[in-house]
Every structure is written in C-alpha cells, then in structure tokens.
Amino acid sequence: MTSAALEISSPVGLIAAGGVMPFAVADSLIARGINPVLFALKGACDPVRVERFRHHWISVGQIGKAVKLFRAENCRDLVFIGTLVRPALSEIRLDWGTLRVLGRVWAAFRGGDDHLLSGIGRIFEQDGFRMVGIRDVAPDLLMPEGCLTRAAPDEAAAADIAKGRDVLRALSPFDIGQATVVIDGHVVGVEDIEGTDGLLARVARLRVEGRIRAGAARGALVKAPKSGQDLRFDLPTMGPRTIEGAAAAKLAGIAIVAGNTIVVEPQIMIEAADAAGLFVIGLPA
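In the UniProt record's numbering, the protein residues as written are 1 to 285.
If you are wondering where the hints come from, they were derived from the structure by calculation, not from laboratory data.
It cannot be assumed that every hint is accurate.
[Unchecked claim] Only pairs whose alpha carbons sit at most 30 Å apart, straight line, appear in this in silico DSBU-like list of lysine-lysine:
hint	residue 1	residue 2
1	Lys-65	Lys-163
2	Lys-65	Lys-42
3	Lys-68	Lys-42
Just need the whole structure built from these sequences, with the hints factored in.
As structure tokens, this is what we get:
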C-alpha cells in the first residue's frame, strides 16, 4: 500500500471515462468505506452504469466546471480512470476555467497520452486537488505477481517474455505503447494507437495471411508501463477481451508487470485463459 493510500480522504472523485473500470474502482472504494463521486465524461462514460453512483456529467475541456464540482462535492483526491479516445483540440468544449489555463492545456496536448494526462493533472493540483492512482485507491484491482493459470511459460516463452520487456524498455521514451508480441524471439508487433486489442487482432490477421509461420501456442503478449511513467495515469489494462485476442492470435500466453497493471473481471479472465490453454503471469516490477 502506498503512502498516499494511507491518506485517502472520503469522498474520492473519479474522473470517469469509458469501459468498466470506473465502476470497478467505485465498488472497491465503497467496500473500503470510502464514498466515490463520479465525474462522468460525456461521450465516454456508460450512462446506464453510472446511475448506480453519485455522479455529475462534464465534457472534455470543461476544467472550470469540473473544478467547481470537485469543490462542491468536497473531493480533495481525484483519479483519472477509464478508456478515452484522445480528443482533437477542436473537439474540446472550452469554458472560462479552461481559457484561464489554455497555455498549459495546449502544452499538455503536444505530448503523448501520458504527457497529456499528467499535464491536465498538474492543472488540477495547482487548484489545490491531489491526483492519485489506482495503486492508492483500489490496489485490489492490480495484477498480482506469479502465475494465475494452470498453464505456465516454458523455456521458449520465458525467452520471448524477456525480449518483450527489453523491447518495451527501449521504446518507452517514445511514448508509443505499453505492449508487444514476441514469437520465437521475433518481435511481430508493438502496440500503437489501436491499443492492445488492435495489436492482437493484427497478429491474428498476420497468421491467417501466412506472414507468421510459427505454430499455434507459441509466443507471448508482454505488457508493462513505460519507463518513467507517472503511474497515477494510463496504467496498462487487461481482462477477458485480452484473453480472447491472445487466443485468436494463437499465443502461448500473456505476461504483465505486477502491481502496475489493472485487471478487469479477474475471475472471468482466468477461467477464459484456462479454457484456452493460455498462461497469464504477473512479472516482478
């Protein structure tokens, strides 16, 4: 548990984008006796699921409105959580609060996704809030260390995993992605703007086209945060869909850095991996 986790104050504000993670984090907080307030991003957050929780709707770019709502709800601690397609500057709905810090917003947009989120986070922190991460508010949702499945990596898979980690370390300064696929020592794909699901679909397509000739149940998907990344923002995520993609790509399994990757619906994920004969292993950080 982090030092920030020991100081979390209730309520916690969740800046909620798409997917199931905002609601998993909210449920985790409630189980620990901490009240969540969701600040749901229009066009991203699920309008049905968010109704279970206290919430407000905001648009991307409405920094002034968001700050007023954070203060009205007495939310000192804030978390960015969920999937969000990076908006173009022309898509951002500016309010007077955003115009006040427009130079800093523009600077944040000029970097990669991690730079964008950390830049917006710094704007909120300069207004007196504290940005925290999943490791602080919901550590139970993070990947544990060790093998979670009946299948385990063999010697060839272990070598592919080691090479994958080297690749991700080398690429991390360029803010390209957080995953790669290595098969029999060959790097066959790196995550890009399509995300991990897109990477796995690409590998599956390359197999169908005969561009990858290795046999089935070979190779590994390796996921890790970027070196030097602010771990409060944009952590790698995996879940049942990742298992489906890895099975379709005919991989041997998935290796993820433990403690720094969010796991969605872990029990369903493990059952799916066992049914597909895939290994899922948490690597030491």
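Taking the hints in turn, this is what the structure says about them:
Under the criterion of a C-alpha separation no larger than 30 Å, the hint pairing Lys-65 with Lys-163 is inconsistent with the structure, at around 46 Å. Only pairs whose Cα atoms come within 30 Å are accepted, and Lys-65 paired with Lys-42 is accepted, the gap being roughly 13 Å. A threshold of 30 Å between alpha carbons decides the hint, and for Lys-68 with Lys-42 the separation of about 17 Å falls inside it, so the pair holds.
Violated hints amount to a single one, hint 1; each of the other numbered hints is respected by the structure.
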